[in-house]
Amino acid sequence: MTTEALQSTHPTIDRDAGWRDIAAVVGVRMLARLRLIAQAVRPLAWVLMGLAVGFWILGQVAGWEEFTITALVIAIVVALCALFLIGRTAYDVSLDLARTRVVVGERAIGALKLANLGTRAILPSRVVLPVGSGRGEFGIQRLAPGAEAEELFAIPTQKRGVVKVGPVSVVRGDPLGLFERARRSDDPVDLFVHPRTILFDGQSLGFLRDLEGMPASDLSRDDVSFHALLEYQPGDDLRHVHWKSTARTGTMMVRQYEETRRSHFVIGLSRSTGDYARDEDFELAISAAGSIGLRALRDSQRVDMRVQGRELPSSTGKQLLDSLSAVENSKPREGGIAELAGVLAASMPLASIVVLVCGSKVRTEDLRLACARLPFGARVLAIVTDSTLSSPELRRIGDADVVTIGALEQIPLALQKVLA
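In our numbering, the protein residues as written are 13 to 432.
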């Protein structure tokens, strides 16, 4: 083929490539539109359209006018229902919860505000507000340009947890429910349903507090517990120079210290299903752990909380309660209270106070093993929950105080027995 022939075919090739690109773009856009249309069609509409086609074919083949008329009636009804999708749903939606943190049993109050910022009126619509696994629906009347509508709602909280509220969906549909067009607006909001806790005074957990700490095996250049004298090294703090030894030996000597175990409050909460006889006992354990953790934070102690599988943020009261709101039962392979105690000993070896919280199905041998695994020298308190008890019970397992409670209000009395 000559050079002139090759040059003459280039425009044709370019035109073909251009048409293919245009066809691909048009195809993608048409496919996207078809997906939107398909999403608006409810299952009942597909059934009716299938019946209309079937009756029409049957009427034409068999010559029965009744089937043909029935097909036409169904088609007209479907077409009229589709007309309800016409119209704008461009609301400016605002979801406002008065409080994003409530205690279980309280109602979360919120408001849903919709505004028409356009220049044309918006026909009546339906607003759907998902709340956890359920949802609430509000009917919004015709909204003129610049007008606003507000709907107040209350969310009952019978269970502890983290509930997602939203996102809000504005739904346009027909009375028969054949078609439905939804437009999502706003972002979901997390509603933290905190466990019930109790505030108590008089039984300050500071009775377990260290003034100078308990000496550990780690050495430090700066602490409270004196260990030995060392020769001065560049960078050592001159405040720790031991002048008498320096004068006697002629060499500058500095003090070396043992790192001490500060007041480190650790709570181990078992979330193993096998440790609890009832669901109420598990919820009581979470409430007890939260109450004791809040009390320790009020005593200005460093608090760490751990459950099977992870450590829970607990540096502030809000973090502690937020973390407890999301606690669920663990899997059997993650073990029970004994395995949890082993993790506590490995990850927090300098803990000075350890509180273990578990259920009444834990055997005495397992509880004894759990207490034995905890860091040496730490004060141990075990709280066992049993909702059938009318008053707290106190016993000793090794060096640990074990308190069994049947209600959250029994914690102050139980701590009195421990302190007695």
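It should be emphasised that the hints constitute simulated quantities derived from the structure, not laboratory data.
A quick note: this is a predicted structure, and the numbers were derived from the prediction, not measured.
For glycine and all other residues, C-beta sits at the position ideal for the given N, C-alpha and C.
A few of these clues could be false.
Listed next, with one range per pair, are the computed distances between beta-carbon atoms [stated by the list, open to error]: (1) G151 <-> G286: 29 to 37 Å; (2) P361 <-> G410: 26 to 34 Å; (3) D249 <-> P361: 47 to 55 Å; (4) I81 <-> L56: 50 to 58 Å; (5) D291 <-> G410: 44 to 52 Å; (6) P179 <-> R111: 13 to 21 Å; (7) L164 <-> V115: 39 to 47 Å.
Under the rule of at most 27 Å between Cα atoms (straight-line distance), these lysine-lysine pairs were calculated in the DSSO-like manner [as the list claims (entries may be wrong)]: (8) K373 <-> K176; (9) K256 <-> K125; (10) K429 <-> K171; (11) K176 <-> K125; (12) K373 <-> K330; (13) K343 <-> K171; (14) K176 <-> K429; (15) K343 <-> K373.
Each hint, compared with the structure:
no.: 1; hint: G151 <-> G286: 29 to 37 Å; in the structure: 48 Å, violated
no.: 2; hint: P361 <-> G410: 26 to 34 Å; in the structure: 19 Å, violated
no.: 3; hint: D249 <-> P361: 47 to 55 Å; in the structure: 26 Å, violated
no.: 4; hint: I81 <-> L56: 50 to 58 Å; in the structure: 21 Å, violated
no.: 5; hint: D291 <-> G410: 44 to 52 Å; in the structure: 30 Å, violated
no.: 6; hint: P179 <-> R111: 13 to 21 Å; in the structure: 20 Å, holds
no.: 7; hint: L164 <-> V115: 39 to 47 Å; in the structure: 21 Å, violated
no.: 8; hint: K373 <-> K176; in the structure: 33 Å, violated
no.: 9; hint: K256 <-> K125; in the structure: 77 Å, violated
no.: 10; hint: K429 <-> K171; in the structure: 31 Å, violated
no.: 11; hint: K176 <-> K125; in the structure: 18 Å, holds
no.: 12; hint: K373 <-> K330; in the structure: 30 Å, violated
no.: 13; hint: K343 <-> K171; in the structure: 21 Å, holds
no.: 14; hint: K176 <-> K429; in the structure: 42 Å, violated
no.: 15; hint: K343 <-> K373; in the structure: 16 Å, holds
Hints 1, 2, 3, 4, 5, 7, 8, 9, 10, 12 and 14 from the list above are not met by this structure, while the remaining hints are.
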